[in-house]
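J.: Work the whole structure out from these sequences, hints included.
Top to bottom, those sequences are chains A and B.
Numbered by full-length UniProt numbering, the letters in the first sequence go through residues 1 to 344 in order.
Numbered by full-length UniProt numbering, the letters in the second sequence go through residues 1 to 344 in order.
Heads up, a few of these hints could be off.
[Unchecked claim] Below, simulated BS3-like cross-link-like pairs (lysine-lysine); rule was C-alpha separation at most 30 Å, straight line:
(1) Lys68/A to Lys308/B
(2) Lys6/B to Lys126/A
(3) Lys172/A to Lys183/B
(4) Lys308/B to Lys324/B
Hint data in this document are derived by calculation from the structure and do not stem from the laboratory.
Here are the chains, one letter per residue:
There are 2 protein chains.
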Amino acid sequence: MDLNEKLKDTRLFFPIDPGPTARIGGMVGTNCSGTNAVRYGTMRDWVVNLTVVLADGSIVKTRRRPRKSSAGYNLSSLIVGSEGTLGIVTEITLKLAPVPEETGVGVVTFPTMRAAAEAAIDIVHKAVPIGAVEILDDVQMSVINRAGNTDRTWQETPTLFFKFAGSKHSVKDTVSQVGSIVKARGGSDFEFAKTEAEQKKLWSARKESLWSMLSLRTSGSEVWSTDVAVPLSRVADLVEVCKEEMDSLGLFGSMLGHIGDGNFHETILYDGNTERQKVEKCVHDMVRRALEMDGTCTGEHGVGLGKKEFLLEELGAGTLEMMKAIKRALDPSWLMNPGKIFDA
Amino acid sequence: MDLNEKLKDTRLFFPIDPGPTARIGGMVGTNCSGTNAVRYGTMRDWVVNLTVVLADGSIVKTRRRPRKSSAGYNLSSLIVGSEGTLGIVTEITLKLAPVPEETGVGVVTFPTMRAAAEAAIDIVHKAVPIGAVEILDDVQMSVINRAGNTDRTWQETPTLFFKFAGSKHSVKDTVSQVGSIVKARGGSDFEFAKTEAEQKKLWSARKESLWSMLSLRTSGSEVWSTDVAVPLSRVADLVEVCKEEMDSLGLFGSMLGHIGDGNFHETILYDGNTERQKVEKCVHDMVRRALEMDGTCTGEHGVGLGKKEFLLEELGAGTLEMMKAIKRALDPSWLMNPGKIFDA
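T.: Following this line, the structure appears as C-alpha cells:
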C-alpha cells in the first residue's frame, strides 16, 4: 500500500495485493499473492532479482535484470517462498505494471456457496480476463455488517466481488461475459461501480473482511485464520463441505477466498481450549480434504510452524528430502529461520 | 506442434511457441519460450508439476496440482531450466490456455532496426496486450525471399511481426493502439490478416526464418545461432550495435528476436576456420555487451556447453557457487548431464 501510494503519479503500480499489513520482505518469504493473483500471478512473478546473504556469509545476487533468462538455475524462484530458511534477503528488485486504462468493481450475490464458486470457476475456465474474483460467505457478509466499518448494509448471502481492468472496450466485453455466466449460475443482478469513489465503496466489504472479523473479538477470544488451495475444478466441492463442517461443529467462522485461484481462507473466532480443539479439527479436516483433492496445505500463507505436519503428507518423503538437501547444502548449521517449514 | 494438433478440437492450446523441432522435455530443460512469451510467459509458467528421478534413485513429484502453492521450496522452477543437471524428468504436467475468441496477424516495416525496436519497446512499456511481437532484420527478410519457402516477396527492410489475440473488441483496441505507436516511430502502414489462411500466410516469413537460413548452407558451411536478452530499455541499443559489428566483420548473418522480451538471436552462416573466428568474436561481443547492459548470456537457449564461460561473468562467483552447492547436494557424483551449465 505504501509502495503504491509512492507510485501514484507514475501510471505504474505494484499489482500484488495481499492483506493490508504485508511487507515486501514477508511477501517474498511466503510467495504471497492476494486478490489480484488470478490476473497478475504471485509474488514470484514480480521479483526481478534478489540479493541474499547466505549462511556462510557470502552475498549473492540471484540474477540480472532481463525479462527472461535461461542462464543456470532459477535462484529467485527458489528464494521466494522459502520463508527465510535459505538466507537473508537484503535487496529486492520488483517489476511494476502499468495502471490499466479502465477499471471497475462488480458485486453479485448467490443463493449458495456452491453456486458462487461454480460461477467463478466457469469464468476462469473460459479465460474471461477479470482483474480479481473473491468469494465471501454469508457469515463474512454478516460480520461486515456487524462491524460497521463500511457505510452501507450488505445482503448476508454468498457474494462474489469482481475487479475489472483493461481498455475501455475490453472491460465492457469482460463485464458482459461475466454477467451472462453469473446469470446462468443463479446469481443476482450485477451491482457495478465505475468511478474511483464508487469502486472503493463497493470493494470496501472485501477490504474490511479481516478487520471486521478481528473487531468482533472479545477479551480472551482468539482468531484462527488459515488457507488452502485446490485445483480449480474441485474448489466448489471443498468450499461446500468445509462450510457444512464449520456449521455442524457450531463454530463461528467465515469463509472467504481468492476463488479464481482455487484458494480460500477460513477465519474462525474461538474462546478457550474446548473450542480451540474444535477449531483445530475443523482446520485440519479442511487441509486433509484439500490434500485428497490434489491441493496444497497452503496457497499463500506459507508453512511456517503451523503446517509442518502436513508438508510430508502433501509432498511425500522423497520430495521433502530433496528440499532438505537444498537447505542443508546452503545452510549446513541450520541457522536461517530455524524451525520454519521443516525441522533439522 | 504435435500437442496443439491433438488439442485442436478442445478450444484449448499450449501457448509456448519455440522453434518447430522443440520437444516437451527439452523445453523443460532450457525453460524455453519463443514468440508467445511476451503474453504467456515462459515454459516455467506452464508446468504444473514434474516427476523427477534423482541421482540417488529416488523419485520425486515437485508439487501437486493447485494453481498456486506456498508449501515449501519451488522445486518445479528449480528443475525447469536446469538442463537435465539435477535429475531425469520422467513426467511433465502442463497447463493449457483457452483459444482466444479472436486472433490476427499484423506486419509493419521500418527504415531502421532501432526504429523497429523502439516501437516494440513502447508497446510493451504501455502494456498494450499484444499476443507477440517479433523483429526480423533486412538480411533475414532477404534470406526468406531467397529461400522462397513462402508464397510472396517481402520488403527487405527491418520488420515487426505481430500476433493479436483476445475478445473481438479488445483485439480492435489493441490493433489501433499498436497502429498509432508504430506510426509515431516511422513504421509503414499495417498489413493485417484476419482469416486463418491469411494469418498463416502473413506469419509464414517468421515461421520460415530459421529454415530459410539453413537452406542457404552450401556443402561445408555451418550456421551459428545464439541468443541473449537484456532489459527492455536497452534492447534497441544492443540490436543496433550488434548489427553494425556483424556488417563490419563482413559476416553473412541475420538478426531476429522476441523483441518484446528484450531477447534476440543472431544466426550467422560461415565457412571454414577463418570465418568461424570472426563469428566467434561477433557472438562473444554480443554476449559481453548484453552483460554490460545487465542482461543475460541466454534468454531461452540455455547455457549448455557453449555459454559456460559467460556464466561466471554474468552471475559472479558467489551465485555460481550457490548453484553448484545445489547441484552437489542433489547429484554428488555429478552423474546428471555432466559438463552442462558448469563443470565439477
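J.: Next step is simple, just say for each hint if it's right about the structure.
T.: Verification of the hints:
1. Distance hint between Lys68/A and Lys308/B is fulfilled; the C-alpha atoms sit about 18 Å from each other, no more than 30 Å.
2. Among the hinted pairs, Lys6/B with Lys126/A is consistent with the structure: their alpha-carbon atoms are about 20 Å apart, no more than 30 Å.
3. With a CA separation close to 27 Å, the supplied pair Lys172/A and Lys183/B stays within the 30 Å bound.
4. Annotation: proposed proximity of Lys308/B to Lys324/B holds, straight-line Cα distance about 13 Å (limit 30 Å).
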